[in-house]
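Enquirer: Chain residues, written in single-letter form:
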Amino acid sequence: MRAEALDITIESRGSAVWLRLSGPFHDEQAPNIKEKILTLLLDGNRDIVVHMEQVTFVGPLVPSTFLELLNTVRGKEGEVRFIFRNDTVSRAFAPFRNLMAIYPDEQSLAAGGFMAGIRRTTRTLFRRTGVRLSRPVAVFLLIVLCGWFLTLAYTIRLQGRRIREQAAEINRLTQEEKAAAIEIERLASRLKPLEQLGLLPDTAKGRAP
Amino acid sequence: MKRNVVVLLLHPYKNALVPVARLKAAVDRFAESLLKLTNDFPGLRWNLLLAGYLLERMDSILLSKIREVQKRDALEWLCCGYTEPFLGFSPLSLSEENVRTGADLLTSLTGAPPAGYAPPFSNWEPSFVPVLDGLGFRYAILSEALFPASLRSIRSFWATEHLGATVNLFPVHSMHPYAAPQHVEAWLETSLAGGTGTGVKLLCIDYLIPLAEADQPDPFDWLRRAAQAIEKNAIVYQSVRFDECLAMSPPAGLHYPQPSLLISRSDERPAREFLDYLHTYDQIGIMQRRMMEIDEALSSRGSSRHISELRKRLFFVQDINRFLPARTHGFLNAADRAWTFDRLIGLDTQLHHDEKTSGGQIRIADFLKNGSKCAVMANGPLKVYIDHRNGGHVFELDFRSRNINVCAVASPERHEIPRITMPGKTRTAFTDHLIGEDTLMETFAAGHALELGDFCGAPFDYTVKKTASSVRCVLVRTGSVSQGDKSFPLTMEKVFGLVGDAAILSFVYKFSSHSLVSHSFRFAVSLPLFLPGAPLGEAHVSHGRVGLSDLLAGRTALEGLTRLIVGDHARGMHLVLVTQKPVDVWCYPLGPADDYQGTALVISSRVTIEGTAPWSLIGRLEFKRTGVKVKLPDAC
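Chains as they are written, first to last, in the working numbering: chain A, 1 to 209; chain B, 1001 to 1636.
Any given hint could turn out to be false.
Said to hold, decoys possible - Below 25 Å or equal to it, Euclidean Cα-Cα: the simulated SDA-like pairs (lysine to any residue) are:
1. 36(A) - 1522(B)
2. 1510(B) - 39(A)
3. 34(A) - 1465(B)
4. 1014(B) - 1225(B)
5. 1356(B) - 190(A)
6. 36(A) - 1338(B)
7. 34(A) - 1474(B)
8. 1369(B) - 104(A)
9. 1581(B) - 1612(B)
10. 1465(B) - 85(A)
11. 1065(B) - 1093(B)
12. 1356(B) - 85(A)
13. 36(A) - 1510(B)
14. 36(A) - 1389(B)
15. 1631(B) - 1357(B)
16. 1014(B) - 1338(B)
17. 36(A) - 1499(B)
18. 178(A) - 150(A)
19. 1624(B) - 72(A)
20. 34(A) - 1522(B)
21. 34(A) - 60(A)
22. 1465(B) - 90(A)
23. 1510(B) - 60(A)
24. 36(A) - 1022(B)
25. 1624(B) - 79(A)
26. 1629(B) - 1225(B)
27. 1356(B) - 79(A)
28. 36(A) - 1459(B)
29. 1369(B) - 1459(B)
30. 1486(B) - 1499(B)
31. 1425(B) - 1338(B)
32. 34(A) - 1435(B)
33. 34(A) - 1476(B)
34. 1356(B) - 72(A)
Simulated from the structure, these hints should not be mistaken for lab results.
Keep in mind the model is a prediction, meaning the values are calculated, not measured.
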């Protein structure tokens, strides 16, 4: 019977319950799987992983069933994660990729953090563009990029220092000019009475052309 | 004048399991006899068929001397595989791997690839022709019983084809030493005289040499007489290798043998519908499905050294001798069956450890390959297979710590139609009977108890539950029970559970009635147990000081107990039955004393259901490891 064509394995790994599905997943089987996951939820399981890499066919109603389940599980503060990368399942779940946590394989599920994110991005970009860099080339390009950034930062730092020195110089000269102007004015005011008495010729007027 | 061609094929074989040390000695004895024969008759040509695992065990000095014979073109090797794979009963990929491994081994040990292929017991599968072609075999040999009389009389070899791949076929006359004709010359003359072909006549003799039987008459006697007869009549006969025949003349024509099998190596009539025939027996279907399950699991793990080693161990389980009905070997032989399950469960346990799961696993799959699902629950020490479509019975219960399937009890009665299990006839565990309250053990054991319910063999609805530390399978059926002339609805719910990694199978039975009528009957749950220690006197059943140690012939009926111990010291297992309320237990042997198949344990209890109040029975089977008194010999 079509409803009985799907093989299901339920096992625990750490704190998560894994459901491994294999075979054709027809629409008639969707209520059965939904009931099983809800039963797991009732039994206290909150972290559920559905492994669908061995699924060979996906009925049209299956993704929406999982979407409903996801809402239910999240409502009970749980999470459902999916593992698959085969074309059949990927195509069926494509409209919901942004709503579901989908991993290409078990290793990427196990790995968390920054590096796992990098790896996922790598795989996604590879699938989209078809371009893949080997590790030595990637490391070399990374070194070159880092070198560029470091050089830029160093240059900016040098220029900043120069600007600061010049600003300090300008400041100092401005201060000296002001001090000199004040001194000149003071000396001129001391000489003015003697000029008014005619005892001192105005040498500045004499030299003027 | 053209001489008639005689091809002599030496075919050492063994059917039953033999301890490795004894097998090695037998192979070396055969090699010494072969060398003596080839040295005494240096002008004759010989062909040798040897399974890879037998060649591996040959003394290296003897093997190097045989290679000398091969170098002077006096000897040609044929291959059947690393073991003797049952082509019609195994996945094609596993058979291919088995044959490839055997061919590679022969090539590395003999210095030349095997020229021909010999399907064990002439188990021919046309779909294997492309595989043979791909592996480079130039010909295959088949018993002449697979050729119609009109083709046999032509006394030549043939070509066969499947999906564009071709291979040559040599019809061979198989004979055992005890059935070999006394007057060789007359027999040769008669065999070749009647041929209707116009070209050179060909007679291929597949001489079967039993290994590991040192006290039998020397099988090489007849070979010497045949060799002398051929040498004496060198004008009329020439002995050649199979490969030389291919160069002498083209095949006489095409022949398309159907899938077939010889139940015995020298049978003269092939079994055409052999798959139907084999599936009328108990246990063989379960063994085959286990083998396929393990092969699928190995294939999904990719290829690595570890997986290759495990697959090589599976080749021995795939051997055709494990799957043929015979008294001394095969699935009808209790020791042979125990060995097969030991290997299967060992491989399965190894794969389970590699998975690193915890807290139990439940799988719903078409394990029996009959279109309906089974529930398979497993934890570290136990694995339980439940068929919800046929009475919710347990058809396999593995105690992994000791590699025992306690449900491996075969019934001598064949099924009316080919089936894996026959409800009510196949001796599976947790088969439920509703019988009269006053039914006695003897009546039940004889199969004459009046069945009041319709639960035995009927389909149950099932659900599975999994928590972090346990797995459960809940089976429910609303059937009926006969009371007098009337039938009343009755619901049975039974639950099997495994907790954590404990070797405990818990079970719960619950009856509930929807009518207000009271019901009274005796409820009997049948638990046939396979205890390999029973024929050795190392198994017993006991309750306190009361017990039964002669399980081959003794019977006992114990009343009002909540605890019972079943011990098998040979295999190091104790099984403790614990129930919440007192029950009666009947214990009697299944099969005659000289052909022990198992011990029946029947848990029975009077049931009275009044109104809608339910009745329940809670119990558990605890498995414990004890010291092993009789180790399974390292045999293959």
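Enquirer: None of the hints should be skipped; say for each whether it holds.
Expert: Status of the hints after comparison with the structure:
The suggested pairing of residue 36(A) with residue 1522(B) is violated, with an alpha-carbon distance near 35 Å, which exceeds 25 Å. Between residue 1510(B) and residue 39(A), the direct Cα distance comes to roughly 21 Å. Compliance with the 25 Å bound is thereby established for this hinted pair. Of the supplied pair hints, the one linking residue 34(A) and residue 1465(B) holds, its CA atoms being roughly 13 Å apart against a limit of 25 Å. Among the hinted pairs, residue 1014(B) with residue 1225(B) is consistent with the structure: their alpha-carbon atoms are about 24 Å apart, no more than 25 Å.
At roughly 102 Å between alpha-carbon atoms, residue 1356(B) and residue 190(A) are farther apart than 25 Å, so this suggested pair is violated. Only pairs whose Cα atoms come within 25 Å are accepted, and residue 36(A) paired with residue 1338(B) is rejected, the gap being roughly 36 Å. This hinted pair checks out: residue 34(A) and residue 1474(B) have alpha carbons roughly 17 Å apart, not beyond 25 Å. Proposed proximity of residue 1369(B) and residue 104(A) is contradicted: the alpha carbons are some 30 Å apart, above 25 Å.
Between the alpha carbons of residue 1581(B) and residue 1612(B) the distance comes to roughly 20 Å, so the proposed pair stays at or under 25 Å and holds. A threshold of 25 Å between alpha carbons decides the hint, and for residue 1465(B) with residue 85(A) the separation of about 28 Å lies outside it, so the pair is violated. The suggested pairing of residue 1065(B) with residue 1093(B) is violated, with an alpha-carbon distance near 35 Å, which exceeds 25 Å. Taken as a hint, the residue 1356(B) and residue 85(A) pair is honoured in the structure, with Cα atoms around 23 Å apart against an allowance of 25 Å.
The straight-line distance between the Cα atoms of residue 36(A) and residue 1510(B) is roughly 23 Å, inside the 25 Å bound, and the hint therefore holds. With a C-alpha separation of about 19 Å, the suggested pairing of residue 36(A) with residue 1389(B) holds against the 25 Å cut-off. Restraint check for residue 1631(B) and residue 1357(B): the C-alpha separation of about 30 Å exceeds 25 Å, so the hint is violated. Between residue 1014(B) and residue 1338(B) the alpha-carbon distance is near 19 Å, which keeps this suggested pair within the 25 Å criterion.
Under the criterion of a C-alpha separation no larger than 25 Å, the hint pairing residue 36(A) with residue 1499(B) is consistent with the structure, at around 19 Å. With a C-alpha separation of about 42 Å, the suggested pair residue 178(A) and residue 150(A) falls outside the 25 Å cut-off, and the hint is violated. At roughly 43 Å between alpha-carbon atoms, residue 1624(B) and residue 72(A) are farther apart than 25 Å, so this suggested pair is violated. Taking the CA atoms of residue 34(A) and residue 1522(B), the gap is about 39 Å. The hint is violated against a cut of 25 Å.
Among the hinted pairs, residue 34(A) with residue 60(A) is consistent with the structure: their alpha-carbon atoms are about 15 Å apart, no more than 25 Å. Between residue 1465(B) and residue 90(A) the CA atoms are separated by roughly 29 Å; this puts the pair beyond 25 Å, and the hint is violated. A distance of roughly 40 Å separates the Cα atoms of residue 1510(B) and residue 60(A); the hinted pair therefore is violated under the 25 Å criterion. A C-alpha spacing of about 54 Å is found between residue 36(A) and residue 1022(B), which places the hinted pair above 25 Å, so the restraint is violated.
With a C-alpha separation of about 39 Å, the suggested pair residue 1624(B) and residue 79(A) falls outside the 25 Å cut-off, and the hint is violated. Annotation: proposed proximity of residue 1629(B) to residue 1225(B) is violated, straight-line Cα distance about 49 Å (limit 25 Å). Distance restraint check for residue 1356(B) and residue 79(A): the Cα-Cα separation of roughly 22 Å lies within the 25 Å cut-off, and the hinted pair is therefore satisfied. Distance hint between residue 36(A) and residue 1459(B) is fulfilled; the C-alpha atoms sit about 20 Å from each other, no more than 25 Å.
With a CA separation close to 17 Å, the supplied pair residue 1369(B) and residue 1459(B) stays within the 25 Å bound. Restraint check for residue 1486(B) and residue 1499(B): not satisfied, since their Cα atoms lie roughly 41 Å apart, outside the 25 Å limit. Annotation: proposed proximity of residue 1425(B) to residue 1338(B) holds, straight-line Cα distance about 21 Å (limit 25 Å). Distance hint between residue 34(A) and residue 1435(B) is unfulfilled; the C-alpha atoms sit about 39 Å from each other, more than 25 Å.
About 20 Å separates the Cα atoms of residue 34(A) and residue 1476(B), which keeps this hinted pair within 25 Å; it holds. Pair hint residue 1356(B) plus residue 72(A) does not hold up; C-alpha atoms about 29 Å apart against a cutoff of 25 Å.
Hint compliance for this structure: hints 1, 5, 6, 8, 10, 11, 15, 18, 19, 20, 22, 23, 24, 25, 26, 30, 32, 34 are not met, and every other hint is.
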